[in-house]
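Participant: Sequence:
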Amino acid sequence: MHSRWRSCGIRLVAWTWTWSAALLGAWCIPANEVNLLDSRSVMGDLGWVAYPKNGWEEIGEVDEDYAPIHTYQVCRVMEQNQNNWLHTNWILTEGAQRVYIELKFTLRDCNSLPGGVGTCKETFNMYYYETDGDEDEMEDGGMRDGVGMTEEEDRAMKENRYIKIDTIAADESFTELDLGDRVMKLNTEVRDLGPLTRKGFYLAFQDLGACIALVSVRVFYKRCPFLVKSLAEFPDTIPGSEASQLVEVVGRCINNSVPLYEPPRMHCSTEGEWLVPIGKCVCKPGFEELSGSCKVCKVGFYRSQLESSACSKCPPHSVARQVGATSCSCEDGYHKIDSDPPNMACTRPPSAPRNAISNVNETSVFLEWSIPMETGGRKDVRYNILCRRVLPDGRGLEECGPNVRFLPRRIGLSNTSVMVADLQSHTNYSFLLEAVNGVSELAKDYAKQYVTLNVTTNQAAPSPVSVVRKGHTGKSSIALSWAEPDRPNGIILEYEIKYFEKEQDSSYTIIKSKETEMVVEGLKPSSVYIFQVRARTSAGYGAFSRRFEFQTSPYLTATSERAQASIIAVAITLALVLLAVVAGFLLSGRRCGYSKAKQDPEEEKMHFHNGHIKFPGVRTYIDPLTYEDPNQAVHEFAQEIDVSFISIERIIGAGEFGEVCCGPLRLPGKREIQVAIKTLKAGYTEQQRRDFLWEASIMGQFNHPNIIRLEGVVTKSKPVMIITEYMENGSLDTFLKKNDGQFTVIQLVGMLRGIASGMRYLSDMGYVHRDLAARNILVNSNLVCKVSDFGLSRVLEDDPEAAYTTRGGKIPIRWTAPEAIAYRKFTSASDVWSYGIVMWEVMSYGERPYWEMSNQDVIKAVEENYRLPGPMDCPEALYHLMMDCWQRERTNRPKFDEIVCLLDKLIRNPSSLKKLVNSSHRVSNLLVEHASADGDCSARTKTIGEWLDSIKMGRYTELFLEGGYSSLETVAQMTSEDLRRVGVNLAGHQKKIITSIQEMRVHMNNTNSTVNI
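So the sequence shown is numbered by our numbering: it starts at 8 and just counts up by one.
Source of the hints: derived by calculation from the structure; they are not laboratory data. Just so you know, not all the hints are guaranteed correct.
Beta-carbon label-pair distances, calculated as ranges [stated by the list, open to error]: (1) S533 / N410: 16 to 26 Å; (2) E870 / K482: 31 to 41 Å; (3) S861 / G408: 18 to 28 Å; (4) N410 / E508: 29 to 39 Å; (5) L253 / K677: 40 to 50 Å; (6) E870 / Q1005: 24 to 34 Å; (7) E666 / L790: 21 to 31 Å.
From a predicted model like this one, the values you see are computed outputs, not experimental measurements. Using N, Cα and C, we set each Cβ at its ideal position, and we do this for glycine too.
Input sequences plus hints: build the corresponding full structure.
Facilitator: Right, dumping it as structure tokens:
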């Protein structure tokens, strides 16, 4: 183009060149930019206002493509005091709060101008003025014309309204040489402006004496453009005014799609970019996503769940007859229940059970069958039993009464056998066996299929006596009467009365009577006695009744009082002598190994009360409940830690009161250590705060390498925290399950030794744990086990292993000693029982004690002397220790110091651990007791009941006798099938009894003798 730069009529230089689109920049703009003003796109005059009029000059040219170019230029460098303004038209913001101004310009180097220049600058200023409308018309017809405002006054007023944006300098300036070579040095500068609050604004450019050519001005704002992503559309969005602000936009699901979990969202940044997608849309049921669009499911296909992406073919025995199906309907005769997954085939009821057989034992019947030929395509097959008694003289059938027992149940059996007990003797019964599954109730037109078994019961012993009454009571006698058993099952020949003084059940007396009443004499005055009665018929004795408790009358005279005082004096003297003997034994040194002799049942009790009695040299546990203010106990036993010394890095679990975290503890003057941090969640009550800190008051009293160490507490800021040492491998049960079979026996025994050592320390302090279990043992990186969780007396309410509420919470049945369950008597001896269960957990690598047995079944089994069998590959020595820990009499259980001593012996002598429980074929003394030590092989033979009691299987005595196994010789021929027929259905029990039978056979072969009752 041709252009001349002039100043005050003096020609400075002339040049000729052609502007190109490449120099001015591409005409296309990014999708996220919206132009508010572009001087290059205006076809006519820009109409901008310049003053003074001899300042900025508009030059209209065209580029090489004949597109218009509006250039404003000024070069009055030969004159002093320049102040040339150029005002744009009013620019509408279109709602944008931040806009961008792009300037393209050239600027001449002052050094290249001829001498004598009045003033020269190499910069110019840019201003803006916000307004809600175009004010030019108001000004032209308003103040200036109305009040005679001068042009200078009008100009000054306009300049005062403007706010400066920036001073613009050139990166590249041109010289006279450049003009001769036609070298164009075009500068581009971009400034942002905001936040804007009005509808529009004016721009102004101020020249103070520079040689400038303003080639183009573009004003634009950025936006997040319309977007379709994951089946959701997001509209054009204008960003916020702040540079770091993100504008959240909720998308709209399109094309037969719906939100998955939550509406889709995106965030629009100030740079016009879509960021941080949250949520998404998925095709609604009946449609599937193909190539970014939702297509309808074809006939024979369906889609019901939003989580799946594609249509699925209808499962067997179902059909979808229309497009867009969300489910498939079942064919005739087939059904589904609501809980069946959509991809499961339609099913139908099962056929009848097969191969049903019965085995009658007196008044009990064992029924067994095979699964149906056709299960209907389901795995939830269950069995129902209908029992009917055949009436005499062909008068039909009647349903069995409520006294008949079905073991385990009558309805909803999952196994294929049932024991029916308490039937009438010498009676005909008819049993209907039915198989059902989940859709049996829906199949209204399906004819039920039964299998029928007809049996006749035999003669049986009478049922237990249910009622025993007390009559006249004397100082040494009690009159008793009782009712005949509900089911005598024959003629009652006599009754047997068993009685003993309460708490003295190891010594009892049995008397007999042919009547239903009698007077028991020779009793002690003011004493409580336990009575049990059973009846006998020609079939044998029935079971004893439950225990009835009666008391004799009091009787004391002056003589007897003196005698009683004498007895008390003698007893005190004997107690002092016994105490001296025990003290002498203790001073002579502790022995390794433990005695099965009776121990003082009170020796496990704590030797203090609220007075906190302590003995010299003995550290004693103090119950925090004995403090009037529980906060005092916390501050006495736990160190207060400033919260600034703790950093929480991550959450590792959740506790009853809040989250459990870990992180570094940096105490002044000490090295940094990793700790576990228990936090008390917000909104707690004062009682919850006390309960939370209770465990810290307990832990703070302990200092032992096998007890979890308390580092301190945070109580003076929130959240309240308990800080303990960090155990890298977590709880012992989970750790063992993750590393099943990965440790040597010595390593496992070492873990057990550490636990026993920690419990010995607690026992010596007089503390009873109550909840010793593998889940409450923590393991560090060096496999050191430490006892933790000292809060049973506070909470076991949410523990799924717990049952039977006590004063302080619930009891974990599978780990708790029988006396603690029955009488709430927790001692160190009950902790020893729990330790035996922990041993079993460790040797079985975290297996669940008693497997899937219910808590009630566990209580009953333990009461009937059942004990857990030895884990696979468990050393015999360890299993013997477990069995000793599970002695019924708590005084017969070993002490923790004896357990530690024994485990130390085993670790020092690894060969003692080679003999395994599962490979033992020793001749068991559970069957035969030798009568002499001189080699005589004569023996006292045990009864069936004694033999079963000796292997902890006494619960099956009656079933063996009912099955016709009345001698050990017949028992020795039994097989696993025979055991199932008599009612031994638990696999673990079968294995234990079969092992004992095998040992019995070995003994019989070795002695060449017959064992009879």
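Participant: Indicate, hint by hint, whether the structure satisfies it.
Facilitator: Results for each hint:
| no. | hint | result |
| --- | --- | --- |
| 1 | S533 / N410: 16 to 26 Å | violated, 39 Å |
| 2 | E870 / K482: 31 to 41 Å | holds, 35 Å |
| 3 | S861 / G408: 18 to 28 Å | holds, 26 Å |
| 4 | N410 / E508: 29 to 39 Å | holds, 34 Å |
| 5 | L253 / K677: 40 to 50 Å | holds, 44 Å |
| 6 | E870 / Q1005: 24 to 34 Å | holds, 27 Å |
| 7 | E666 / L790: 21 to 31 Å | holds, 27 Å |
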